[in-house]
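In case you want the letters, here they are:
2 protein chains.
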Amino acid sequence: MKARSVPFDALKVGDESSFIREVTEGDVRAFAQLSGDTNPVHLDEDYAAQTPFKGRIVHGTILNAHVSAALATKLPGPGTIYLEASLRFRKPARIGDVLSTHLQVTEKIEDKKFVRLSVEVRNQDHIVLATGLALVIPPPKSEEIVLADRP
Amino acid sequence: MKARSVPFDALKVGDESSFIREVTEGDVRAFAQLSGDTNPVHLDEDYAAQTPFKGRIVHGTILNAHVSAALATKLPGPGTIYLEASLRFRKPARIGDVLSTHLQVTEKIEDKKFVRLSVEVRNQDHIVLATGLALVIPPPKSEEIVLADRP
Numbered sequence: 091m092k093a094r095s096v097p098f099d100a101l102k103v104g105d106e107s108s109f110i111r112e113v114t115e116g117d118v119r120a121f122a123q124l125s126g127d128t129n130p131v132h133l134d135e136d137y138a139a140q141t142p143f144k145g146r147i148v149h150g151t152i153l154n155a156h157v158s159a160a161l162a163t164k165l166p167g168p169g170t171i172y173l174e175a176s177l178r179f180r181k182p183a184r185i186g187d188v189l190s191t192h193l194q195v196t197e198k199i200e201d202k203k204f205v206r207l208s209v210e211v212r213n214q215d216h217i218v219l220a221t222g223l224a225l226v227i228p229p230p231k232s233e234e235i236v237l238a239d240r241p
Numbered sequence: 091m092k093a094r095s096v097p098f099d100a101l102k103v104g105d106e107s108s109f110i111r112e113v114t115e116g117d118v119r120a121f122a123q124l125s126g127d128t129n130p131v132h133l134d135e136d137y138a139a140q141t142p143f144k145g146r147i148v149h150g151t152i153l154n155a156h157v158s159a160a161l162a163t164k165l166p167g168p169g170t171i172y173l174e175a176s177l178r179f180r181k182p183a184r185i186g187d188v189l190s191t192h193l194q195v196t197e198k199i200e201d202k203k204f205v206r207l208s209v210e211v212r213n214q215d216h217i218v219l220a221t222g223l224a225l226v227i228p229p230p231k232s233e234e235i236v237l238a239d240r241p
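Going line by line, the protein sequences match chains Y and P.
Residue numbering for the first sequence follows the working numbering, beginning at 91 and increasing consecutively.
Residue numbering for the second sequence follows the working numbering, beginning at 91 and increasing consecutively.
Next comes chain Y alone, as it looks inside the complex (with noise of 0.2 Å):
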């Protein structure tokens, strides 16, 4: 996959992208093994059937994993470096939901030469399963990157 970076400079308030991708049964197992999360309320049915969610739910911080991705990948794209990140979750995610990231920019903050931009995951019936922030220091010049499919 290619991706194309995108400068401070090019930037512009209102400038958008979205970020599209399915969190599959693996992701939820390999959030576990990589981060030491094995909160039950992920990772077993029984539990989680007794908790209010009536079932498993995603890890919330993958749904942060999707919004690095889409800054990433998508906006400012790949040379990104992230500085802070915020994220509300207001809905659970559940496993085979397709959510979709969306990225706005909202400030250019120009002594610094950061970025601020809004957050909002949606799954695939559109209902807004997280909003939040990201403050960035975008790729240091355009330039299209090859990204690698399987790290």
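Simulated from the structure, these hints should not be mistaken for lab results.
What you are looking at is a predicted structure, and each value in this text was computed from that prediction instead of being measured.
Yeah, the Cβ is synthetic: ideal placement off N, Cα and C, and Gly gets one too.
Please note: incorrect hints may appear among the correct ones.
A few chain Y residues that face chain P, going by a derived Cβ cut-off under 10 Å, partial list only [as the list claims (entries may be wrong)]:
hint : residue
1    : T128
2    : L133
3    : Y137
4    : T141
5    : H156
6    : Y172
7    : R180
8    : V218
Below, computed lysine to aspartate or glutamate pairings styled on DMTMM-like, alpha-carbon distance capped at 25 Å [claimed, not checked]:
hint : chain 1 : residue 1 : chain 2 : residue 2
9    : Y       : K144      : P       : D201
10   : P       : K231      : Y       : D134
11   : P       : K231      : Y       : E135
12   : P       : K102      : P       : D239
13   : P       : K203      : P       : D105
14   : P       : K144      : Y       : E234
15   : P       : K181      : Y       : E200
16   : Y       : K181      : P       : E135
17   : P       : K181      : Y       : D134
18   : P       : K181      : Y       : E197
19   : Y       : K231      : P       : D134
20   : Y       : K231      : P       : E210
21   : P       : K231      : Y       : D136
22   : P       : K202      : P       : E174
23   : P       : K144      : P       : E115
24   : P       : K144      : Y       : E174
25   : Y       : K144      : P       : E234
26   : Y       : K144      : P       : E233
27   : Y       : K231      : Y       : D201
28   : P       : K144      : Y       : E233
29   : P       : K92       : Y       : E135
30   : P       : K181      : Y       : E115
31   : P       : K144      : Y       : D239
32   : Y       : K144      : P       : E106
33   : Y       : K92       : P       : E115
34   : P       : K92       : P       : E106
35   : Y       : K198      : Y       : D99
36   : P       : K198      : P       : D105
37   : Y       : K202      : Y       : D99
38   : Y       : K92       : P       : D134
39   : P       : K144      : Y       : D201
40   : Y       : K231      : P       : E135
Once you have looked at the hints, place chain P on chain Y.
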């Protein structure tokens, strides 16, 4: 591994806990795979060598993942529901760093039964890599839960 769930009524402002975990090469690859974040600053040594970091850095969201694990396995423990995550990335983590994620209860929101915690992530040299806040719903009751070692 066993972990104890601490419900709202048993939590006190000032309660604290730490979660320690190494970030491995495999974690970075697994994170890239599950998120789709194939930013070359994390995966491509040649690209990363040209950045101000002079080498590959760990995805910031892996620090969020450790925070999630700290909440789920340490304080308030298994069954915790993550409502809001904010994290400021101050210095990059490197592959092989052993991160210590420290949580402290800063506020109990009585009417909603939510709890706010401060978050600080340090590396093995005690350098602060990230600071932030977490808002959670603690587990419903005090219980000891056996967590999956290999999800």
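Going through the hints against the structure:
1. T128: 4 Å, holds
2. L133: Since chain P brings a Cβ to about 5 Å from L133 (chain Y), closer than 10 Å, the hint holds.
3. Y137: 8 Å, holds
4. T141: Hint on T141 (chain Y): holds, closest Cβ of chain P at ~7 Å, below 10 Å.
5. H156: For H156 (chain Y), the interface hint holds, since the closest Cβ of chain P sits about 6 Å away, which is under 10 Å.
6. Y172: The hint holds - Y172 (chain Y) has a Cβ within 10 Å of chain P, the shortest such distance being about 4 Å.
7. R180: 9 Å, holds
8. V218: 14 Å, violated
9. Y:K144 x P:D201: Satisfied, since the Cα-Cα distance of roughly 24 Å is no more than 25 Å.
10. P:K231 x Y:D134: 17 Å, holds
11. P:K231 x Y:E135: 18 Å, holds
12. P:K102 x P:D239: 29 Å, violated
13. P:K203 x P:D105: This hinted pair holds, its Cα atoms lying about 16 Å apart.
14. P:K144 x Y:E234: Given that 25 Å is the threshold and the Cα spacing comes to 21 Å, the pair holds.
15. P:K181 x Y:E200: 22 Å, holds
16. Y:K181 x P:E135: 38 Å, violated
17. P:K181 x Y:D134: Violated, at about 35 Å.
18. P:K181 x Y:E197: This hinted pair holds, its Cα atoms lying about 23 Å apart.
19. Y:K231 x P:D134: Satisfied, since the Cα-Cα distance of roughly 17 Å is no more than 25 Å.
20. Y:K231 x P:E210: Not satisfied, since the Cα-Cα distance of roughly 32 Å exceeds 25 Å.
21. P:K231 x Y:D136: 16 Å, holds
22. P:K202 x P:E174: At roughly 14 Å apart (the allowed maximum being 25 Å), E174 (chain P) and K202 (chain P) satisfy the hint.
23. P:K144 x P:E115: 17 Å, holds
24. P:K144 x Y:E174: 21 Å, holds
25. Y:K144 x P:E234: 21 Å, holds
26. Y:K144 x P:E233: With Cα atoms ~19 Å apart, K144 (chain Y) and E233 (chain P) stay inside 25 Å; holds.
27. Y:K231 x Y:D201: Status holds; Cα separation ~18 Å.
28. P:K144 x Y:E233: 19 Å, holds
29. P:K92 x Y:E135: Distance of about 18 Å is within 25 Å: holds.
30. P:K181 x Y:E115: Outside the cut-off at roughly 32 Å; violated.
31. P:K144 x Y:D239: Holds, because 24 Å separates the two Cα atoms, which is no more than 25 Å.
32. Y:K144 x P:E106: 30 Å, violated
33. Y:K92 x P:E115: 24 Å, holds
34. P:K92 x P:E106: Since the Cα atoms of K92 (chain P) and E106 (chain P) sit roughly 18 Å apart, the hinted pair holds (cutoff 25 Å).
35. Y:K198 x Y:D99: At roughly 9 Å apart (the allowed maximum being 25 Å), D99 (chain Y) and K198 (chain Y) satisfy the hint.
36. P:K198 x P:D105: 11 Å, holds
37. Y:K202 x Y:D99: 12 Å, holds
38. Y:K92 x P:D134: 15 Å, holds
39. P:K144 x Y:D201: 24 Å, holds
40. Y:K231 x P:E135: The hint holds at about 18 Å.
This entry does not satisfy hints 8, 12, 16, 17, 20, 30, 32, going by the numbered hints stated previously.
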